[in-house]
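S.K.: For reference, the chains in residue letters:
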Amino acid sequence: MEKKGPGKIARDALKNLFKDPATTSYAGKGTIKVERGYRGRLQYDPSKCINCRLCMKDCPTGAITIINEGTKEEKKMKAVLNVGHCIFCCQCVDSCNKGSLTFSQDVDFASLNKEDLTVEL
Amino acid sequence: MSETDKNKVVIPIGPQHPSLDEPATFTITLEGEKVVNAVIGVGYNHRGLEKACESRTYIQDLYIIERVCGICSHAHSTAFCMAIEELTGVKVPMRAEYIRVIVAELERLHSHLLWLGTACHEIGYDTMFMYTWRDREKILDLMASYGGNRINYGVNTFGGVRREFDETTSSDIIKTIDELDEHLKRYMEIALTETTLVSRLKGVGMLSHEDALNFGAVGPVAKAAGIGYDIRVAEPYGAYKEIPVKLITDDRADVYGRTVVRILEMQESVKIIRYAIKNMPGGDIAVKVPRRIPAGEILTRVEAPRGENIHFVRSNGTDMPDRVRVKAPTEANWHGVQHMLKSGRLADVPITIAAIDPCYSCTDRAIVVNSGDNINVMDWKQLRQYSIDWYKKEGIDITALKL
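Just so you know, the sequences run in chain order A and B.
In terms of the numbering used here, the first sequence has 4 at position 4, counting the first letter as 1, and numbering is strictly consecutive.
Numbering-wise, the numbering used here comes out as the position in the second sequence, counting from 1, plus 1000.
It is worth saying that the hints were derived from the structure and are not from the lab.
Take the hints with a grain of salt, since some may be wrong.
Pulled from the structure, derived: some chain A residues nowhere near chain B, Cβ distances all over 12 Å [stated by the list, open to error]:
no., residue
1, Gly7
2, Asp12
3, Gly40
4, Gln43
5, Lys48
6, Ile50
7, Val80
8, Val83
9, Ala110
10, Leu112
11, Lys114
12, Leu121
Straight-line alpha carbon distances no greater than 27 Å define the calculated DSS-like cross-link-like pairs of lysine-lysine that follow [to be verified]:
no., chain 1, residue 1, chain 2, residue 2
13, A, Lys48, B, Lys1288
14, B, Lys1091, A, Lys57
15, A, Lys98, B, Lys1091
16, B, Lys1006, A, Lys33
17, B, Lys1288, A, Lys98
18, B, Lys1138, A, Lys33
19, B, Lys1051, A, Lys57
20, B, Lys1246, B, Lys1138
Partial pick of chain B residues on the chain A-facing surface, computed with a CB cut under 10 Å [as the list claims (entries may be wrong)]:
no., residue
21, Gln1060
22, Leu1062
23, Leu1114
24, Gly1147
From the three backbone atoms N, C-alpha and C, an ideal C-beta is built for every residue, glycine too.
With the hints as extra help, turn the sequences into a complete structure.
M.R.: Laid out in structure tokens, this is it:
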């Protein structure tokens, strides 16, 4: 039979003091395996974007914003996504006629700061 | 108070209670262990989805409608898409209809597996709960792989489906359902022979054939009472017009009957998926649908895992609907629950409620804020004084409390 007593508890207590926690710190550090075809964070190709803003019109949560920082002739396109609002339905990907929006398998964007949830694509 | 009333005890269960996952109140009047009266109070989950739909475009609404229910998301979006397709007069490609059926049946499988697990958990049979939820997880993985998400798959779009159904997907599905079919045989054997399960569920939550008709029960609750009504058979839509569906009914009219119906329905779903994958035609998966929907009214019906799911859409010719009405199956089944609970025992209350597979947030379509003429508007101070007075009447002086 296994010995039980204060000595065993002390050994375990000391061991646990220096051991890494059983749970891993996930946010921003770990990687998560997702299924093939799982909808993750959007990817944006500004060179293909024609500023039609259909993605903005169709987004159910108003998470995506397309901004033209240049002029009408010389476009300098930028897309800003609020991942806190995004429901990852990828309707914007379907709505984009030019293929400027695609989705990745990246689902790892948990953050403790609200500001970090607004990202430029 | 009469002598009989003195023997009665009223037990309020909810809105927050450990047995069920969503808020609802059940005011149970007991005489000994026997339930003599039950009053159900729902309305804690009203989200104003129908109103939200009116101020958004049809495409945005599709994703709101999909989120009416966390389990029957595909059934809701199918009904909504069917309504829009009917209004615009587009013909959905048959390949897309077959894909919709496969996803709908996978959804039925994971919904029934979830129910079987929770029902067994309610009666303390946690081993079965673990087994069924393990199987459900495999189906959710399939959905994540094909649809792109575990629950709100986002498969449907107006005029078809959003993703091509490739070889890998079909082989993955076949592999999983073959495995599941073997497990379902075992679950059926357990349901038929396991004495603990049978004696715990037989005669509990009775809703006879006549009562089921009177209360307008739908889905497995009605089927267990011998009502052979399934939209897939009664009014076939989409690919169900071509796919043979066997109607499952039972005459036990109790929770045990509902369990058997659900397991048999799962076995039937497996057959439907096999048939659909084998006979899926080629061609496009979607056709274009205009953004502005012609004016008109439409009502569509879809057989969701829990029963008949009704959607009403009124269009005014713009890109936003004039009115959207969703009637989820639980809304029809609530009426019967009150009857089922009566004459039962207190210990049977959780399993009787769970047996209709209730989805509270699907049900809550409206909320009454002002009832009657006696409306009293109070400010914060008055409200505080009112609560102090109310407790004083009950014999508790909360002003004496020091916080």
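S.K.: Give a verdict on every hint.
M.R.: Right, here's what the structure says about each hint:
Residue placement check: A/Gly7 keeps its beta carbon more than 12 Å from all beta carbons of chain B (closest about 37 Å). The non-interface label for A/Asp12 is consistent with chain B: the shortest C-beta to C-beta separation is roughly 30 Å, beyond 12 Å. Under the 12 Å C-beta cut-off, the non-interface status given to A/Gly40 relative to chain B is violated; the minimum distance is some 9 Å. Distance check for A/Gln43 against chain B: the nearest CB is about 15 Å away, which clears 12 Å, and the non-interface claim stands.
With 12 Å as the threshold on Cβ separation, the claim that A/Lys48 sits away from chain B holds: the shortest Cβ distance comes to roughly 20 Å. Chain B leaves A/Ile50 outside its interface by the beta-carbon criterion, the shortest separation being 18 Å against a cut-off of 12 Å. At roughly 19 Å from the closest C-beta of chain B, the C-beta of A/Val80 stays outside 12 Å, upholding its exclusion from the interface. For A/Val83, the shortest C-beta to C-beta distance to chain B comes to about 15 Å, beyond the 12 Å cut-off, and the non-interface label holds.
For A/Ala110, the condition that its CB be more than 12 Å from all CB atoms of chain B holds, with the nearest at approximately 17 Å. In this structure A/Leu112 is separated from chain B by more than 12 Å, as the shortest Cβ-Cβ distance comes to about 25 Å. The Cβ of A/Lys114 lies farther than 12 Å from every Cβ of chain B, with a closest approach of about 23 Å, so its non-interface assignment holds. Distance to chain B confirms A/Leu121 as a non-interface residue, since its nearest Cβ pair spans about 18 Å, more than 12 Å.
Annotation: proposed proximity of A/Lys48 to B/Lys1288 holds, straight-line Cα distance about 23 Å (limit 27 Å). With a C-alpha separation of about 26 Å, the suggested pair B/Lys1091 and A/Lys57 falls inside the 27 Å cut-off, and the hint holds. Proximity of A/Lys98 to B/Lys1091 is assessed by CA-CA distance (about 26 Å); at most 27 Å being required, the pair is judged to hold. Proximity of B/Lys1006 to A/Lys33 is assessed by CA-CA distance (about 61 Å); at most 27 Å being required, the pair is judged violated.
Using a Cα cut-off of 27 Å, the hinted pair B/Lys1288 and A/Lys98 holds, with the two alpha carbons roughly 16 Å apart. Pair hint B/Lys1138 plus A/Lys33 holds up; C-alpha atoms about 15 Å apart against a cutoff of 27 Å. Taken as a hint, the B/Lys1051 and A/Lys57 pair is honoured in the structure, with Cα atoms around 19 Å apart against an allowance of 27 Å. For the hint linking B/Lys1246 to B/Lys1138, the alpha-carbon distance of about 25 Å falls within 27 Å, and the restraint holds.
Because the beta carbon of B/Gln1060 sits about 4 Å from the nearest beta carbon in chain A, less than 10 Å, this interface hint is met. Hint status for B/Leu1062 relative to chain A: holds, with the closest Cβ pair at about 8 Å, below 10 Å. For B/Leu1114, the shortest C-beta to C-beta distance to chain A is roughly 19 Å, which exceeds 10 Å, and the interface hint is violated. Checking B/Gly1147 against chain A by beta carbon gives a least distance of about 8 Å; that is within 10 Å, so the hint holds.
In this structure, the hints that do not hold are numbers 3, 16, 23, in rising order.
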